[in-house]
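**Q** Here is what each chain is made of, one letter per residue.
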Amino acid sequence: MAKQEIVAMILAGGQGSRLGVLTDFIAKPAVPFGSRYRIIDFPLSNCMNSGIETVGVLTQYQPLELNSYIGNGHSWDLDRNNGGTFILPPFLSQEGNEWYKGTANAIYQNIPFIDGYRPKYVLILSGDHIYKMDYGRMVASHVKNKAEATIAVIEVPLSEASRFGIMNTDAEGRVVEFEEKPAEPKNNLASMGVYCFSWEVLRSVLIEDEKDPSSKNDFGGDVIPRMIERGQRVYTYSFAGYWKDVGTVTSLWESNMDLLNKPDEINLRDLSWPIYSKNPQRPSHYIGPRAVTRNIAVTDGAEIYGEVYNSIVGYNVTVEEGAWIRDSLLMPGSTIGKGAVLNRCIVGMNTIIEPDVRVEPETPDGLVDFQSPHCQEGITVIAPGMIIRSGAVIPGNSMVGPAHIGSHPHLLAANPDHLGRGMEVC
Amino acid sequence: MAKQEIVAMILAGGQGSRLGVLTDFIAKPAVPFGSRYRIIDFPLSNCMNSGIETVGVLTQYQPLELNSYIGNGHSWDLDRNNGGTFILPPFLSQEGNEWYKGTANAIYQNIPFIDGYRPKYVLILSGDHIYKMDYGRMVASHVKNKAEATIAVIEVPLSEASRFGIMNTDAEGRVVEFEEKPAEPKNNLASMGVYCFSWEVLRSVLIEDEKDPSSKNDFGGDVIPRMIERGQRVYTYSFAGYWKDVGTVTSLWESNMDLLNKPDEINLRDLSWPIYSKNPQRPSHYIGPRAVTRNIAVTDGAEIYGEVYNSIVGYNVTVEEGAWIRDSLLMPGSTIGKGAVLNRCIVGMNTIIEPDVRVEPETPDGLVDFQSPHCQEGITVIAPGMIIRSGAVIPGNSMVGPAHIGSHPHLLAANPDHLGRGMEVC
Amino acid sequence: MLTDAMGLILADNRRIQLDAINQPRALAAVPFAGRFRIIDFTLSNMINCGIKRIGVVALTRYKSLMDHIGTGAWWDLDRIRQGLYLIPPYINPITRAPDRTDAQGIIDYVESGRQSYVFISSSDYVSNIRYKPLLDQHIASGADMSVYYAPDGDSAQTISLAIELDEESMIRDLMVDYPGARSQLNAFGLLVISKTLLLQLLSEMMARGIAEFSIVALLQLYKRFRIRALEYQGLLFRIYDTASYFEASMRVLDPQVSCQLFSTERPIYTKVKNRAPCVISPESGKVRNVLASDGCAIMGEVENSVLFRGCTIGRNARVTNSVLFQDVQISEGVTLDHVIVDKNSVIKMGGKLLGQEGYPIVIGKNSIV
Amino acid sequence: MLTDAMGLILADNRRIQLDAINQPRALAAVPFAGRFRIIDFTLSNMINCGIKRIGVVALTRYKSLMDHIGTGAWWDLDRIRQGLYLIPPYINPITRAPDRTDAQGIIDYVESGRQSYVFISSSDYVSNIRYKPLLDQHIASGADMSVYYAPDGDSAQTISLAIELDEESMIRDLMVDYPGARSQLNAFGLLVISKTLLLQLLSEMMARGIAEFSIVALLQLYKRFRIRALEYQGLLFRIYDTASYFEASMRVLDPQVSCQLFSTERPIYTKVKNRAPCVISPESGKVRNVLASDGCAIMGEVENSVLFRGCTIGRNARVTNSVLFQDVQISEGVTLDHVIVDKNSVIKMGGKLLGQEGYPIVIGKNSIV
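Residue numbers (the numbering used here), protein chains in the order written: chain A, 1 to 426; chain B, 1001 to 1426; chain C, 2001 to 2369; chain D, 3001 to 3369.
The following block holds chain A by itself, in its conformation from the complex:
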């Protein structure tokens, strides 16, 4: 197997339970984003644009959709003869079998995979962040600092710093202390969950971490603090662009809206750093003769006949005449019927909203059964693969999923064409 200087490992195993029904049957990195993307397109495209051609994707929870989305890696030019993309699930060995216990354990279990490429550096990336980053520069900074670990950090407002892992550094940028969600943060340099390690160093730290029964085998919680404690050379790398963890319904919604309202921040139109995705082979989108569209993003295969404002319209979405949509995310393949009204609504893939359905924060007479602590600020989430029956009225902060079908059979049904559970039909 050919040597590779850098191997990237993307942590894509988490369930993402705060996204509720959106991740019932698919892993979080496979959730659609920004009309034509999936979340994982961002780290994969960053790898491609940074010239990194060997990428392991660590999966554990509901990997089928992600597996079939990534396929042979062709869409990201990662179908390489040496290297390329590899889906890395947990496995059995002679010593027995284990699921990935934590992020560090997931890498530990795949030491033989990484060893096979004899890399100098290993990047550990998250599968659920929206950002554009040249990892090459980060590795260069790692090399320049003669670091053993380098952690990408971003400045956050000091008032929000207590929500993040905060890095306290000396004058040279060397980390002297790491505080996870400190009550009184000493500064505002938040870890982005993007790490660069010298492989030989990480390898031995992982083996040691694995032997420690008190460790939770987590990078942020165990590996990094252990390295700092011991005085190993841990540095920060400052990143200044757009970065967002889309782990909650609100942050997913906001990050999508940022595409419309702050288009220069995560500039998707920058041809020097394109975000690649698996393209549906569909015709151009069509805006009908009586459609009204203002401040929307839309892509292949969509057909809009109704009114759509401040919304993200995914591929193969149909908005029928007389539908009225504002501040919403219509995920790929969804259909919005005549006269339906959606406001601050996230509609899952291949879901059908029948005519005259109303989903609005201000719905006074809506059902309270659907209220969910994961949904805030009036945002409602409809699961993928559903049918919302004509006449349903759903208030804000709702999370509507297959679990409700039993109790509301007249309002909800599963979309029988939505085969293979989370599977995309395109």
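Simulated from the structure, these hints should not be mistaken for laboratory data. As the structure is a computational prediction, the values presented were derived from the model and not from experiment.
Chain C side only, calculated, beta carbon under 8 Å to chain B, not exhaustive:
{"#": "1", "residue": "T2003"}
{"#": "2", "residue": "R2079"}
{"#": "3", "residue": "I2080"}
Stretch-level coverage of chain C by chain A, calculated; a stretch enters the list once three of its residues show a Cβ under 8 Å from a Cβ in chain A:
{"#": "4", "segment": "2263-2270"}
{"#": "5", "segment": "2274-2283"}
{"#": "6", "segment": "2290-2302"}
By construction, the Cβ of each residue, glycine as well, lies at the ideal position given by its N, Cα and C atoms.
Place chains B, C and D on chain A using the hints.
**A** Positioned in the frame of chain A, the structure of chains B, C and D alone reads:
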């Protein structure tokens, strides 16, 4: 996702413990075969030659080597935009997590994967058989018989029939009874472990089988008997070519020797049904000025300076001058030192046999520690990635592996260049 | 699935002129319907029928075509066996002039395929077409070749290959580009022939020194061979001049028409470009009856138009009844009506271009107007 | 890794004749060392240096080359961005004659790359060569172009591009194919130049109507530009006639030589063919000092020879000092010495062909002797 009429699922999850040290760190289907192949090349090439382009490979035990060998499927033309090869490991879902309990359970857990392609037929194949078969003809026979399941069978000598699963059929080839390893076989039609099912039928049988707590969720043991019992249309499909299960050391050795001694049976030179493999990018093999070679198969990157008789020489093998080899399998990357004598020996990948080592059935003074019940008929197996020290004398029926290093440090060591455990270096 | 057939696309049509549009590229590479090229339809028809081995004969101006087709990966034709073959012109190594015959490259391609039948298609029409009925009829009728025709009598389109049929639906007369032809049956460029017969005819051509190989040349053999014609009843746009191109482009705006071209079961594949989603800005004007593509940014008003990838429509611009190719920039305040603007062109601030129905204005590639 | 460089391979060398061997194919596509083609070495050198964008200029007889290169997948060049570009001859769409210049295709290719440097290589030599020292020297010396040379004084090979250097190792004189040249320093076909300067020179060529673009043409500009020459000390075989081809083939039989060509760190990649392992049968005679390939079946005796894939050596045949290309069949009892047999040829039973050292007999492709 595009519809595929046929989806093939290759069962590649077993540990293959009867192959001993050969499968310590790699799954059985990744074991080298016939100079330039791995066992899994046969079902994968059969799929390609039969025009089947969607292949799931069910892995569970030590999948890394297999995963990196299959890569994007390019070597078998299975890097398709729709379909192609997919490695399918066990995974977590909302209902919890489970390892594959049996062959049928492995398919059960991947129902959503198969559903995604909406196939009419699903082929269930084993990852450890050596044969060339046109699955298209088998499916045609399945269709013609209006069968719900079709089982490929091969005639075996009646005297050996009690080692196999035997199909008792009526005049039309419909199975009336299935006997697993019957003491008194009624006929000699043995199941090859190659099944064709109508997907809708199999899908419901699998769901039912899963609910039955007494089932071991195995195709041969549970699913097929259940279908016959119920009177479902189970037919046989008679196959007449070469077929061998290479699950034991003896059968692996014999099947390799068949390439030399019965070259017309599993005719690898037939350009109309090529067996594809991942090719090492190495120069042509070289036969040195004083080499003696009789009845051998040899491939890219090998260099032979010694004497080799009736043996299979893998890629990147070096046989130094003065070495003497007979009736042996030298797996890829192994080196046989000057003056070494090997007879009926299987040398694992990237293993170094130092000068003057002797491995022979007739070695009178050999160590008995290495004797293994898995090794019979004088065949000895040396694990991959070892160094056998100069002067070691090993008798027949031995199985020499890393476990012995501690007790015989002067005879054995791990090859430090054999990185990434089972990983191929090429 | 037609696994026993290979495809051969004649990407060159030297008889056709689309003014500025196909001057820099072969007709096969002319953009169509927002994100496709004309050849995408024939390539996709072939793979949707199960054909996995396709040769593309290109003689001139084929750089654009090569760039578009690439490795064939977008059509899943980047295969170890079979896949895509670009058949280049043969050039004599001594004189460096093109060889007397194109035929040798085609012979080599056809000969090395295992399939028994060859579907030969020109690349001057747009359709989503099934090949199986033609092959079934071909085999059932025992004909030597079989070809589809469109009953063009009620169409505004010119009949270029008027055929007359006998009672067995075999061609008994053929008139090329003849306005006085009695027949309204218009054969178009899709023909099936056995590999054996095709190889025989190609060898004859070479022996006779005939330089040009085309569908018409094969059909003209109707006296010598039994050529079965089968009516094709689906949607079909033949592209033979700027007006027919423009008309077809406008008709695709009708969802009833476009759904016949873009079936979910038989998708039309094209080269993937990773452009951002199209953005319609908050200050945009009316955007109605528009086919638009990724990478577009619409700040002005657009009606009854087709926008290829990466077009920008500035504020207060008004684009109607127009076709804008990739990366066209329409600046603030521009007015366009009945205009075709080729790739990378820029219409500067305040410009005004008004064409007429049936006579659109054509702005060439990389122009600044 | 030279990620800031692109490659350009001039696969055509019109000055070279290898008798029957390169008559049906470009020199770049001539087989070498059992399973390779000459172009494999340059392609692999480029990718082993980290170059991921390679243009191949082919003018004549390039079908064999296209078949070999395919999608570029074997060199991992089948990429969405970058990858392999086959640059075809330009043909005038009206006259159908090749255009006055090859340069436009090269200009388009070079211009669309983001890299700052271009490595230009001919495809008439075999070597496993590192490019980085040349680029490092190029940048350090501030030269306009840089080229490798071999100190060929002690070699039997003819000096074709004799260069003289000044004290800064810049070329101050150049003599092409001149037996009386004083210098023994032989520049060969590997040159690095900045993208900017190359584009300028190509535009000048077009403007002057110069038809041929070659390494020699660039080196001949030594009076106008500073051309740095750097000694290449590794193994190098220049292929310029049948004798040099044959000699190089025989020398690769020496493991000391072949290990310099086939490094594990920098492998030479080639098109994969899925042939069965080579079989040496129980009844074979001596098989010694032989480079043999997959798909061969050896029943006779072979010494000091190179066998490409799929060769058959019949019983009691005796093959010595010979090179057999793919799928050659040597029947029972044949004797061959100093013979090169091209692809698919058959030497019939009892045949006897004896060439001489330095003057091997060449049997053309598909011959039956």
